[in-house]
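Participant: Here's the letter readout for the chains.
2 protein chains.
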Amino acid sequence: MQQPTPPPANRFERRRAHSRQALISAARRILAETGDTAVSIQQISERADVGFGTFYNHFDTKTALFDAAVADALEEYGQLLDKVTEGIDDPAEVFATSVRLTLQLSATHPEITQIIRFRGLSHVHTDTGLGPRALRDLEIGKASGRFTIDDPKVALSAIGGALIGLLQLNTVSEIGPGAGEQMAELLLRMLGLPADEASDLATRPLPLLS
Amino acid sequence: MQQPTPPPANRFERRRAHSRQALISAARRILAETGDTAVSIQQISERADVGFGTFYNHFDTKTALFDAAVADALEEYGQLLDKVTEGIDDPAEVFATSVRLTLQLSATHPEITQIIRFRGLSHVHTDTGLGPRALRDLEIGKASGRFTIDDPKVALSAIGGALIGLLQLNTVSEIGPGAGEQMAELLLRMLGLPADEASDLATRPLPLLS
Numbered sequence: 001m002q003q004p005t006p007p008p009a010n011r012f013e014r015r016r017a018h019s020r021q022a023l024i025s026a027a028r029r030i031l032a033e034t035g036d037t038a039v040s041i042q043q044i045s046e047r048a049d050v051g052f053g054t055f056y057n058h059f060d061t062k063t064a065l066f067d068a069a070v071a072d073a074l075e076e077y078g079q080l081l082d083k084v085t086e087g088i089d090d091p092a093e094v095f096a097t098s099v100r101l102t103l104q105l106s107a108t109h110p111e112i113t114q115i116i117r118f119r120g121l122s123h124v125h126t127d128t129g130l131g132p133r134a135l136r137d138l139e140i141g142k143a144s145g146r147f148t149i150d151d152p153k154v155a156l157s158a159i160g161g162a163l164i165g166l167l168q169l170n171t172v173s174e175i176g177p178g179a180g181e182q183m184a185e186l187l188l189r190m191l192g193l194p195a196d197e198a199s200d201l202a203t204r205p206l207p208l209l210s
Numbered sequence: 211m212q213q214p215t216p217p218p219a220n221r222f223e224r225r226r227a228h229s230r231q232a233l234i235s236a237a238r239r240i241l242a243e244t245g246d247t248a249v250s251i252q253q254i255s256e257r258a259d260v261g262f263g264t265f266y267n268h269f270d271t272k273t274a275l276f277d278a279a280v281a282d283a284l285e286e287y288g289q290l291l292d293k294v295t296e297g298i299d300d301p302a303e304v305f306a307t308s309v310r311l312t313l314q315l316s317a318t319h320p321e322i323t324q325i326i327r328f329r330g331l332s333h334v335h336t337d338t339g340l341g342p343r344a345l346r347d348l349e350i351g352k353a354s355g356r357f358t359i360d361d362p363k364v365a366l367s368a369i370g371g372a373l374i375g376l377l378q379l380n381t382v383s384e385i386g387p388g389a390g391e392q393m394a395e396l397l398l399r400m401l402g403l404p405a406d407e408a409s410d411l412a413t414r415p416l417p418l419l420s
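Protein sequence lines correspond, in order, to chains A and B. Under the numbering used here, residues 1 to 210 are what the first sequence spells out, in order. Under the numbering used here, residues 211 to 420 are what the second sequence spells out, in order.
Keep in mind that the hints were calculated from the coordinates and are not lab data. We treat Cβ as the ideally placed atom computed from N, Cα and C, and that holds for glycine. Treat the hints loosely; a few may be bogus.
[To be verified] Covered by chain A, according to a simulated footprint, are these stretches of chain B (three or more residues, beta-carbon under 8 angstroms): (1) 330-342; (2) 374-382.
[Unchecked claim] Pairs of lysine to aspartate or glutamate residues, derived as EDC-like cross-links and limited to a Cα-Cα distance of at most 20 angstroms, are as follows: (3) B:272 with A:36; (4) A:83 with A:67; (5) A:62 with B:256.
[Stated by the list, open to error] Far from chain A, some chain B residues (derived; all Cβ distances over 10 angstroms): (6) 227; (7) 230; (8) 246; (9) 256; (10) 274; (11) 277; (12) 300; (13) 350; (14) 352; (15) 356; (16) 360; (17) 361; (18) 363; (19) 399; (20) 405.
Let the hints inform the model, and build the full structure from the sequences given.
Facilitator: Pasting the structure below:
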């Protein structure tokens with residue numbers, strides 16, 4: 001997990017933190033537009049409104065910046081879902097809720113959604129974002145017998161991939177209003193829940209995304 | 211589906227078909243190496259061993275070439291799976307077999323595997339490759355009652371994404387020898403098969419990839 005950054009101590013450090021975040025924000029916008037990283041460091045610096053030399057005070061390579069940008073977006077997304085689902089104890093209901101909210105996210109948080117769609121899969125098995133949160137819930141659900149799964153990482157691959165597949169479908173064609181519920185139901189059945197319970201959990205009232 | 215190309219009629223057409231395929235093969239190799247398309251048309255032409263001007267006889271843009279390259283790789287993959295599974299009538303067993311073979315493919319066909327991993331998701335809902343074949347099987351299975359699904363495209367998104375998620379896991383960490391079987395079992399449960407039947411179908415003797 002990312003450690004919370006302590007508040008910068010002085011003006012120099014504040015300015016330094018500001019330019020780092022400006023670069024990350026610019027990289028997030030660029031990623032969300034095309035999924036492509038073919039842009040030059042000069043162009044990134046211009047979008048971030050920082051000097052060209054400033055880039056190398058923070059990142060060794062363009063790849064390092066884009067990795068940090070994806071991690072930043074996924075961490076924001078993970079914290080958002082954590083907050084919305086914090087009152088839910090059942091890991092099955094946490095999954096159902098998170099899947100349905102992720103689809104709603106494409107309307108309220110298009111930048112994060114695009115980054116998940118383009119880059120999420122390569123970050124599922126890293127230590128920030130949704131991956132480690134989902135893995136923790138899969139392990140809890142396996143230990144309690146709520147989920148019937150063998151290797152939680154295989155299940156995580158399936159869930160992460162399926163969710164990104166749904167975001168992709170949402171991009172290329174008109175999907176029905178119940179697509180998030182259908183996906184939640186499919187994934188709960190996959191995790192071993194009986195069909196009627198999967199259907200029930202996938203259609204409960206949804207908490208609001210803040 | 212792609213139509214089979216008729217054999218070229220004369221030397222000019224043979225040469226033209228040869229240079230087109232050389233460009234596609236070069237693009238496939240480039241995609242498999244990095245997943246990135248930041249390379250120049252000049253560099254692609256050099257890798258394909260064709261003149262720079264030749265590129266524009268076949269493709270309007272670099273994007274058009276890379277799309278054709280992904281479609282070419284996925285079509286080859288789809289035909290490979292069609293051939294191996296042609297004697298299997300049950301769509302559930304076709305899925306289980308295809309999922310398990312896809313994981314084996316990473317050893318025997320690394321280029322196709324990399325292209326699926328990097329680009330497969332954006333091509334799941336196109337009309338070449340594995341997408342339309344899987345959609346056809348989902349529709350057959352839904353109609354016969356073998357699968358309990360609502361919108362076959364939502365199920366296709368889940369299956370395609372899960373499979374690519376597994377290829378991703380296979381890239382970033384050591385996965386156990388039974389990961390393909392686990393994924394097949396998870397996906398069959400997702401499609402509505404009873405747990406014991408899903409487990410049985412996921413562990414039958416596997417046909418050989420040719």
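Participant: Now tell me if each hint is right for this structure.
Facilitator: For each hint, the structure was consulted:
Residue count for the region 330-342 of chain B with a Cβ under 8 angstroms from a Cβ of chain A: 4. That meets the three needed, and the coverage hint holds. Chain A is given as covering the region 374-382 of chain B, and this holds because 6 residues of the stretch bring a CB closer than 8 angstroms to a CB of that chain, at least three being needed. Note on residue 272 of chain B and residue 36 of chain A: the hinted pairing holds, with a Cα-Cα distance of about 14 angstroms set against a maximum of 20 angstroms. Simply put, residue 83 of chain A and residue 67 of chain A have alpha-carbon atoms about 24 angstroms apart, too far for the 20 angstroms limit, and the pair is violated.
As the CA atoms of residue 62 of chain A and residue 256 of chain B are separated by approximately 26 angstroms, the hinted pair breaks the 20 angstroms bound. Interface exclusion of residue 227 of chain B from chain A stands, the closest Cβ pair being 30 angstroms apart, more than 10 angstroms. Every beta carbon of chain A lies more than 10 angstroms from that of residue 230 of chain B, the smallest distance being close to 24 angstroms; the non-interface claim holds. Non-interface call for residue 246 of chain B relative to chain A: violated, since the shortest CB-CB distance, roughly 7 angstroms, does not exceed 10 angstroms.
Every CB of chain A lies more than 10 angstroms from the CB of residue 256 of chain B, the least distance being 18 angstroms, so the non-interface label holds. No Cβ of chain A comes within 10 angstroms of the Cβ of residue 274 of chain B; the nearest lies about 15 angstroms off, and the non-interface call holds. The claim that residue 277 of chain B lies off the interface holds: its Cβ sits roughly 13 angstroms from the closest Cβ of chain A, which is beyond the 10 angstroms cut-off. Non-interface call for residue 300 of chain B relative to chain A: holds, since the shortest CB-CB distance, roughly 19 angstroms, exceeds 10 angstroms.
With a minimum CB-CB distance of about 18 angstroms to chain A, residue 350 of chain B clears the 10 angstroms threshold, and the non-interface call stands. The beta carbon of residue 352 of chain B is kept farther than 10 angstroms from every beta carbon of chain A, the shortest such distance being approximately 13 angstroms. At roughly 14 angstroms, the least C-beta separation between residue 356 of chain B and chain A is larger than 10 angstroms, which holds for a residue marked as non-interface. A beta-carbon of chain A is positioned within 10 angstroms of the beta-carbon of residue 360 of chain B; the least distance is around 5 angstroms.
The beta carbon of residue 361 of chain B is not kept farther than 10 angstroms from every beta carbon of chain A, the shortest such distance being approximately 6 angstroms. Distance check for residue 363 of chain B against chain A: the nearest CB is about 6 angstroms away, which does not clear 10 angstroms, and the non-interface claim fails. Taking the minimum C-beta to C-beta distance to chain A, about 5 angstroms, the non-interface status of residue 399 of chain B is violated against the 10 angstroms cut. Taking the minimum C-beta to C-beta distance to chain A, about 7 angstroms, the non-interface status of residue 405 of chain B is violated against the 10 angstroms cut.
The structure fails hints 4, 5, 8, 16, 17, 18, 19 and 20 (numbered hints given earlier, in ascending order).
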